[in-house]
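There are 2 protein chains.
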Amino acid sequence: MDTHDEKTARVADVPTAHRRAAVIGGGVIGISWAGLFLARGMDVVISDPRPGVRDQVLAGLDEIAPALAELGLPTENLTARLRFEADLATAVADADVVQENGPERLPVKQQIWQAVEQAAPAHALLATSTSGIPATAIAEAMRQPERLVVGHPFNPPHLVPLVEIVPGERTSAQTLEQAHAFYTALGKKPQILRKEVPGFVANRLQSALFRECVHLVAEGVVTEAELDEIVTGSIGLRWAAAGPFRTFHLGGGPEGLPHFIQHLGHAMEASWPGLGAPSFDEPTVALLTEQAEQAFGDVPVSELAARRDRAQIALMRALAETSGTSSNTSSSTSSRTHTQATQA
Amino acid sequence: MDTHDEKTARVADVPTAHRRAAVIGGGVIGISWAGLFLARGMDVVISDPRPGVRDQVLAGLDEIAPALAELGLPTENLTARLRFEADLATAVADADVVQENGPERLPVKQQIWQAVEQAAPAHALLATSTSGIPATAIAEAMRQPERLVVGHPFNPPHLVPLVEIVPGERTSAQTLEQAHAFYTALGKKPQILRKEVPGFVANRLQSALFRECVHLVAEGVVTEAELDEIVTGSIGLRWAAAGPFRTFHLGGGPEGLPHFIQHLGHAMEASWPGLGAPSFDEPTVALLTEQAEQAFGDVPVSELAARRDRAQIALMRALAETSGTSSNTSSSTSSRTHTQATQA
Numbered sequence: 001m002d003t004h005d006e007k008t009a010r011v012a013d014v015p016t017a018h019r020r021a022a023v024i025g026g027g028v029i030g031i032s033w034a035g036l037f038l039a040r041g042m043d044v045v046i047s048d049p050r051p052g053v054r055d056q057v058l059a060g061l062d063e064i065a066p067a068l069a070e071l072g073l074p075t076e077n078l079t080a081r082l083r084f085e086a087d088l089a090t091a092v093a094d095a096d097v098v099q100e101n102g103p104e105r106l107p108v109k110q111q112i113w114q115a116v117e118q119a120a121p122a123h124a125l126l127a128t129s130t131s132g133i134p135a136t137a138i139a140e141a142m143r144q145p146e147r148l149v150v151g152h153p154f155n156p157p158h159l160v161p162l163v164e165i166v167p168g169e170r171t172s173a174q175t176l177e178q179a180h181a182f183y184t185a186l187g188k189k190p191q192i193l194r195k196e197v198p199g200f201v202a203n204r205l206q207s208a209l210f211r212e213c214v215h216l217v218a219e220g221v222v223t224e225a226e227l228d229e230i231v232t233g234s235i236g237l238r239w240a241a242a243g244p245f246r247t248f249h250l251g252g253g254p255e256g257l258p259h260f261i262q263h264l265g266h267a268m269e270a271s272w273p274g275l276g277a278p279s280f281d282e283p284t285v286a287l288l289t290e291q292a293e294q295a296f297g298d299v300p301v302s303e304l305a306a307r308r309d310r311a312q313i314a315l316m317r318a319l320a321e322t323s324g325t326s327s328n329t330s331s332s333t334s335s336r337t338h339t340q341a342t343q344a
Numbered sequence: 001m002d003t004h005d006e007k008t009a010r011v012a013d014v015p016t017a018h019r020r021a022a023v024i025g026g027g028v029i030g031i032s033w034a035g036l037f038l039a040r041g042m043d044v045v046i047s048d049p050r051p052g053v054r055d056q057v058l059a060g061l062d063e064i065a066p067a068l069a070e071l072g073l074p075t076e077n078l079t080a081r082l083r084f085e086a087d088l089a090t091a092v093a094d095a096d097v098v099q100e101n102g103p104e105r106l107p108v109k110q111q112i113w114q115a116v117e118q119a120a121p122a123h124a125l126l127a128t129s130t131s132g133i134p135a136t137a138i139a140e141a142m143r144q145p146e147r148l149v150v151g152h153p154f155n156p157p158h159l160v161p162l163v164e165i166v167p168g169e170r171t172s173a174q175t176l177e178q179a180h181a182f183y184t185a186l187g188k189k190p191q192i193l194r195k196e197v198p199g200f201v202a203n204r205l206q207s208a209l210f211r212e213c214v215h216l217v218a219e220g221v222v223t224e225a226e227l228d229e230i231v232t233g234s235i236g237l238r239w240a241a242a243g244p245f246r247t248f249h250l251g252g253g254p255e256g257l258p259h260f261i262q263h264l265g266h267a268m269e270a271s272w273p274g275l276g277a278p279s280f281d282e283p284t285v286a287l288l289t290e291q292a293e294q295a296f297g298d299v300p301v302s303e304l305a306a307r308r309d310r311a312q313i314a315l316m317r318a319l320a321e322t323s324g325t326s327s328n329t330s331s332s333t334s335s336r337t338h339t340q341a342t343q344a
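Those protein sequence lines, which keep their order, are chains A and B.
1 is the number of the first residue of the first sequence in full-length UniProt numbering; add one for each residue after it.
1 is the number of the first residue of the second sequence in full-length UniProt numbering; add one for each residue after it.
A couple of the hints might just be wrong.
Given that identical chains are not distinguished, each listed pair holds provided it fits within a single copy or across any two copies.
Under the rule of at most 25 Å between Cα atoms (straight-line distance), these lysine to any residue pairs were calculated in the SDA-like manner [claimed, not checked]:
#1 189 to 305
#2 189 to 299
#3 189 to 41
#4 195 to 220
#5 189 to 322
#6 195 to 215
#7 189 to 306
#8 195 to 132
#9 189 to 72
#10 189 to 27
#11 189 to 308
#12 195 to 207
To be clear, the hints were calculated from the coordinates, so they are not data collected in a lab.
Build out the structure end to end from the sequences listed, making use of the hints.
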């Protein structure tokens, strides 16, 4: 009931109704966004010049529909409000939201956004899913750089709560606010970064941890499968319930994080130079490949991914029931969000 | 039903019945181990020379009893089979398992283990909870170094599934097997490391990630609270369901991890030198302290920890129901384990 009201309040703050989405690029990320937008009751136009994109998108939507349903979202006639429009200007002409998932190449994205800003309505939210190209660089080719923002999802966008909202140097506060309101209304958990930094936050953290993972496997301390078991049985479980700072705050006793840093900070800092600096050289790649075959080779990736998604949905539901803060897993708040988000 | 049978099978493999535990050290870790051992039906002797340890332990057991109950373990009369014995030799004289949680100082641990190996039965499992001192160094003072092994829990031991079993240079295969069987019978998820390495595995990974966390907060990209939200909403959730290697295997498409490394490995490697190298200098510590106060200051640490534990138990239960692989959260498998583990 709390989250219900919160949600309603938040959604009421949305400066513009977001009913019509233009999704640029019909690849994995575009399909995932499109599926979520459709399940949330939005009209969706997919713009992708590649031949055969229609079949690819429809097949992709069939694949993710069960996960959307498990999230408590309506998935019957999911494609009833889906259109395809190869011409970019026509596709965005009446969009409330443009979510771009084009190739990760600066000139391509600059070209796309030059065309979009000329054809999209003045009120439209302009967001790029880029995982690495700064909005500042993309917006150099735009007349209204204040309108462009990074809305970086964590794959798959229809499932993982986080959306990193990353401003370019000239992105306006209003654009950030609009992006935050939109992704929140979708049931996501957006976070606005305070600075543009390569890799943003989640991927930098993932990269820092994976670097040590590669080191430990290359050194023969553990296998890939053993390391994965260690993570899911300790820090993964922990960080799903409480982030790294909260975790060490709780590790500091009654005085919390300051006490933790006072007593263990310098030992930890002293250990940092001892962490691994591996490289994907031939022997390392050969070892990682061989162990991946042993660990995961018996089951198709699609089946492993489906299992992972089912487990993740179960975790999201459990957290929502415990904390009452996740809105992405409760059909009641979902449908309410849906109603609100689609009011013209 | 599957896990039930698996569990029964595993427990049947325990080479020695583990009915009597000697827990050395009545601090936070010792109390947590003692609580789990008692809830699993074991007799427990706590040996700690400090005055007032009895009251401290009994208060601590009261605090963790609710979590043990939520794990599906019996907690009525939890202390009925608990004894205190300050004299080390007497405490371990009839132990099947000795779990040492003494101060993290090599000379102290060497002294403790010299005394223990002389007084403990020949069949007893000898395990130290040390988070950083190699068994090789501790065992230098022992006549039977092959008997000592690191059994490093992730705090709190009664709750987090992982136990890192780390052999010293002279630890025997039989000792490793015995440790693995014992912690498995307790419902934990033990992992045997193939090499002794400083910090073992989970804490090295945690340290690698936290290093970047400190960097991003010190750089003003995010606050502590924002970074925690990013982690719980993305990589934390992900790594609770699938470890880092499985995650990137699924990120590689149908060809899995090898394809992922081929296409993204070098970009990731190129990004590693750009990761942060922060230090706990005065301004950084001041900033982290101030933000911890803002983020967590309103609620007592004990209450935050209780919430974290409730959320973690809910996650463990959800994973157990999804995958049927966790035995630490299902009362049916727990009680069965209990029965098996306590057969003399």
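Verification of the supplied hints:
Taking CA atoms no more than 25 Å apart as the test, residue 189 paired with residue 305 passes in both settings, with 22 Å inside one copy and 23 Å between copies. In the homo-oligomer, the alpha carbons of residue 189 and residue 299 lie at most 25 Å apart only across protomers (23 Å), although the nearest pairing inside one protomer, at 32 Å, exceeds that limit. Taking identical chains as interchangeable, the C-alpha atoms of residue 189 and residue 41 lie at most 25 Å apart only when both belong to the same chain, with a minimum of 19 Å there against 43 Å between chains. With identical chains, the CA atoms of residue 195 and residue 220 are at most 25 Å apart between copies only, with a shortest distance of 7 Å across copies and 38 Å within one.
Taking the closest pair of Cα atoms, residue 189 and residue 322 come within 25 Å of each other both inside a single copy (17 Å) and across two copies (24 Å). Taking identical chains as interchangeable, the C-alpha atoms of residue 195 and residue 215 lie at most 25 Å apart only when they sit on different chains, with a minimum of 13 Å there against 30 Å within one chain. For a Cα distance limit of 25 Å, the shortest separation of residue 189 from residue 306 qualifies both inside one copy, at 22 Å, and across copies, at 24 Å. In this assembly of identical chains, the alpha carbons of residue 195 and residue 132 lie at most 25 Å apart only when taken from the same copy (14 Å versus 37 Å across copies).
Taking CA atoms no more than 25 Å apart as the test, residue 189 paired with residue 72 passes inside one copy only; the shortest distance there is 17 Å, against 32 Å between copies. Taking the shortest Cα distances, residue 189 and residue 27 sit within 25 Å of each other inside one copy (23 Å), while across copies they are farther apart (39 Å). In this homomeric assembly, residue 189 and residue 308 come within 25 Å of each other (Cα to Cα) both inside a single copy, at 20 Å, and across copies, at 19 Å. In the homo-oligomer, the alpha carbons of residue 195 and residue 207 lie at most 25 Å apart both inside one protomer (19 Å) and across protomers (24 Å), since each shortest distance falls under that limit.
When each numbered hint is compared with the structure, no violation occurs for any of them.
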